[in-house]
Each structure stands twice: as C-alpha cells, then as structure tokens.
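There are 4 protein chains.
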Amino acid sequence: MITLLVGTNRPSSRARRIANYYQNLLTELNAESQILDLAELPDNFTTSALYANAGTNPAFNRLADLLNAGNKLVIITPEYNGSFPGVLKAFIDGLPYPGGLREKKTALIGLSNGGQGGMLAMTHLTDILMYLGSIVLPQRVRLPFIGQDLNQEDSLNHDLSRQLLREQAEALLAF
Amino acid sequence: MITLLVGTNRPSSRARRIANYYQNLLTELNAESQILDLAELPDNFTTSALYANAGTNPAFNRLADLLNAGNKLVIITPEYNGSFPGVLKAFIDGLPYPGGLREKKTALIGLSNGGQGGMLAMTHLTDILMYLGSIVLPQRVRLPFIGQDLNQEDSLNHDLSRQLLREQAEALLAF
Amino acid sequence: MITLLVGTNRPSSRARRIANYYQNLLTELNAESQILDLAELPDNFTTSALYANAGTNPAFNRLADLLNAGNKLVIITPEYNGSFPGVLKAFIDGLPYPGGLREKKTALIGLSNGGQGGMLAMTHLTDILMYLGSIVLPQRVRLPFIGQDLNQEDSLNHDLSRQLLREQAEALLAF
Amino acid sequence: MITLLVGTNRPSSRARRIANYYQNLLTELNAESQILDLAELPDNFTTSALYANAGTNPAFNRLADLLNAGNKLVIITPEYNGSFPGVLKAFIDGLPYPGGLREKKTALIGLSNGGQGGMLAMTHLTDILMYLGSIVLPQRVRLPFIGQDLNQEDSLNHDLSRQLLREQAEALLAF
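Protein chains in written order, with our numbering: chain A, 11 to 185; chain B, 11 to 185; chain C, 11 to 185; chain D, 11 to 185.
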C-alpha cells in the first residue's frame, strides 16, 4: 500500500488532482494506493494535536494512522511562498516521534503556477524527511506551470511531466 | 519599531523567552520593540485565515498587522523536526501578498535542544523570506543546546551566544 | 564600481555573455562595472592559491583584488550538476578571510539549459555568502532554457528575463 | 567495496584522518573499503579534466574510476566557508555524465572546527547527489568541534560521534 499525501489543506486543490492522476498511474502499474488529503485535517489541529495535546485528537490520529499502512509514500506539495505549505509541516510536527515517517521510502512531487516547480519546497522537505529517517528518492519531480498543464479531467497536457512521473512511480515500486 | 516574531504557537515557549531577552537587549540599545507571539493565533487559523477566507479573520489580522509597525523584524524560530515550525510558515502563508514581509529587514535566530541550532530552519526561512522580498541579515544566529543555556530569568548562560545576539542587534539597527 | 563575477572557468561561457549583457544594462543605468571572468584563473589555482599557498599566487591575487574595487557584486552562475560550478566555490575558498566578500551587496543570477534556472545554485550560494558576511539581494533571477533565449549578439529573447534583470540591477543600484 | 571519498585536496587533511578512522570501522564490520583522497588530484584538473578536456586526463580518470569499484560511497567533507570545498564539486563536475555517482548509495559526514558540523555542506551535497541519481542515506553525521575531538592516532574522543558513525556504517552496509 502506497500512501499519496496531498500536502495542503486547501479544499479541492491541484495537489489533490495530481494525487488522483498518480493513483491511476499506480493502478496501471498494479500497485495499491490510498490518498491522505490534508484538507481533512481538523481545523484546530495546530493546537488540539500538538504539544501537550499530541496524540489526543482522534480526527488527527485517523489521518496520521494512514501513514502506517505501508512503507512507501508520495508527497505532492504545491509551492506556497517559494516553499511547501506550512500546514504540511505542521501535520508532520504533530506526528508521533520517532515513527510516522521513519524508514519510509518517499517520493516527492512539487507543483507551481510559475516556473520554479516546487524545487525549494522539495529540497526543504528532503532535509526534514532525512532528519526523521525517511529515505528520499533522488527522482524529485518538478511540475512548473501547472495551471496550464493540468486539465479538467485531472490529466496532464505535458509529455515530459507524464514521463517523469511514470519513471518516478516505477523507481518507487522497485525501491 | 522592531517586531520580534516568536515562531511557534507553543504556549510559554523558549522562543518567547528568547524574545523577552532580545527585547531587553534592544531597550539597552535604545530601540523600541514589540513581540508578536504565534501562541496568540486563533486555533483554527489554518482554515479561517487561508484560501477563500484570507483576510477575513479579525484575530489573525490583528497579529498580521503588527508587522506593519516598522520595517525591521527579528524571527526567533525553534527547531522542530530539523526545520522551523509548520505553524510559522502557515502564518506566513496567511499574510497578504505582496506585502506582509516585503522589503522588511529581517534578522534570524534559531534555537534547538540539540547541536544544530536551527541552521536548516534558518536557511529554509531565508529562501522563503527572499521569495517574499525581505532582506535577510547575513548574521544568522544559532543557539544550540538551549535547554542548558537558557536560565530561569530568561537570560543566557553562554558568552558567545550573548555576544552574537548583541552583534546581530547592532547590525539590524545599523542596517 | 560594480563587479560582475562570471562563475565558471569555461572559456567563452554563456555566463560570460550574460555578464556582457548585464554590463550594457548597467551602462544604460549610468553605473560603472568591470567583469571578473573565472576563465582567467591560473590552471593550478586549487593547489597554488589554497591552504599553505593562500595569498601567494600573483595571477590569483590579481583576480581576487578586483573584488576590492567596490562594495557591489553580481554573481552570474551556470548550473552544473544541479548547483553552482565547483570552480566558483574553489575561487571563494582561496579568497582572504575575513574580507573578500565581507559586507558586499550581492545580486545573484542563475542560468541553465533546463527549467530549473539555477535555483539550487543560488540558494546554496546564498548560504555561503551569508556565512562570509555578504548581504544578498532578495531578487534572485532564474534564467532557465538559456540555450534558447540567449542569441548571437548576447541579447536575450525573453521579455520577462530582461525585465527581471533590469529590476534587479535597479535594486542593486538603490541598495 | 565501499569507497571513502575525502572531500578536499588539502594534503594530510582531517577529512583524510576521518577516512582512516572509518576504514578501520568498516574492517571491524567485515566490509572492504578503499580511500579516494582528492589530495591526489592533478593540480590543473579544473582545466585539464573539464569541458573540452573532459575524460582526457589519465590522472583524473584514475581517481574517477575508483568510484566504479562498487555501489556504495561515503563522502567525508570538511566545512569551508559554510559549505563543502569547491574542489569536491569541481571533481564531481569532471565525472562522466550520466554515471559516476548514478545509483550509488551514499553516506555523508561533515566536519568543522566550529559548531555547525558541516550541516549546510551536507544539505548542499544532498541536492547535487540527488540530481545525479545517488540515493543519500538519511543518517547524515555532523562532526562539530573536530579540532578538539580528533586525536593523534586518528581516533575520536567523543562517544556520540563514534556511535553515530557506527550506526551510519551499519545502515550503509544494510542498505
């Protein structure tokens, strides 16, 4: 079971649509997957699931527990203010330690309206994931200009992007 | 007016105590300052102050408006999971764009229980601040082993740390 | 006097041609500049100008001394293997310490054949420059797909890139 | 066969002495290893082994070929100016592409006289290695205050550092 982590709590985000696309790709490759969408986070989780309250919020725990279904993970992160969304890091800050992300094999995808394609989001995330003991795949996929390339049916009008995602998925399965 | 931004919403955090220390330092140097403590964030700000709701939460706006009192800023960030707290980035994600941090002259301080001293937290933050048009002081101060060095009266038992903070404060005032 | 540092020792590099373009831009803005091209480094500088030999190579010193002509600097770096050229860092490693880059106001430009545009090259360089006490302008300019956009007369067939470079140059002059 | 890459061309460097220490550690763990010390680089390699001359310098090629002896690598990098030595990156810039570091499993060690312990050197290197298709172990070991901790017999007077290096070596062998 591969978990696809949608790295923002924005409702109906493009990151979620990329997760849908990736789930289809994994199905084609005969791999099972599930989606963990941060849009489902309880709205007060930054107090009710952190610090003295760590581990006590059932709605947060339900999401966190999805990470335990397998040892492979794909994190799909939009670019907010040049890096990943704060909410994604706050979710990570609420996970049990050690555990949560430890020894997970993790693939990263960054998306942006502009041309950066989440490069800094992914390099910052890599530091955090390595600190937590995750093994990050070297194939970090940038999806720049996503507003142009993602169409209504959640498919990608961009040959190279589709190829890079497929190569990444195959590498994750073989890892 | 210099704003001291406490980069976590943990109540009564060590970062807050460093802010208290720094405020005394600035007073000695005849500079006015105010503290913006993320512990005062509304507990549901990651939904009520972001995306479709950006700009509509009065309690969030009151904190964000503190940034407009001057053009100098000190960000004091603990190290959570090898980087800055997600809540700090989520606060930044809720600020008006452009604006908020644009053209602010910003000094960074990182603190940690371990030996890293928030180095990665500060380098990640630098990328975000530069993206938003802030000018970051080169004097980034690491405060490792803060659990040993910060005492009951919010003073620092560490000569080099005290010296680095003073040199940073002087550089910020001269900038 | 603004120094334009060409961040590779490759002869007749694209980075050099961007330096030529930028020099014309600065002339239009009534600012004097000079070009420091690492193609002029002595070919054995990694031994003859480092460690026990630091400061003893006249050909290296002549280049290093160009940095002392003023307090503003533009570093134009190609992207080699996802970051800046090792030769650029080796040149920095041979500079006198402290000094060389200390208190310089520095603008960064990254160029690449691919889509990254030297983003990681610039973020890595920022860390090094801040360590050395340089003040880095927040306007870091990415020039992706430079093989398409740079034409025979060293001008740029890309409106946004030309605009970003002009805004950066104006910000550097005003800094 | 595990290759221990000494990331500076400084003669008789501390990084080399850490490589000696690590080689003993690997011998204890019944693993074969060899040392690739950049002090053996030809002194003009930044011109004679790069660009038009790539692949034509036999002395450079002899060192580069050592990387082909196995699929596991340890890079030991001192901290120069807040990051890794330029010479290390220039060596990487001269390697055949793709190849050289592709699909290598790589462990990183950073050392410094000061307290940073090569954290930024290692995070910058991680970006470069991932770009080149290496898989970087999450266990990145910082060795701060190395001037105090490394003694005459190339052993380490620091319990935690010894433990972290051993855990890293075991993780590399199991990877």
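For the record, the hints were derived by calculation from the structure and aren't laboratory data.
There could be a bad hint or two in this list.
Heads up, the list lumps identical chains together, so a pair's fine if it works in one copy or across two of them.
Claimed, not checked - Restricting the straight-line Cα-Cα distance to at most 25 Å, the calculated cross-link-like pairs of lysine to any residue (SDA-like) are:
#  : residue 1 : residue 2
1  : K82       : R72
2  : K114      : G124
3  : K82       : Q162
4  : K115      : N81
5  : K82       : E180
6  : K114      : D164
7  : K114      : Y141
8  : K114      : N161
9  : K114      : Q162
10 : K114      : N81
Which hints, by number, does the structure contradict?
Failing hints, ascending: 3, 6, 8, 9.
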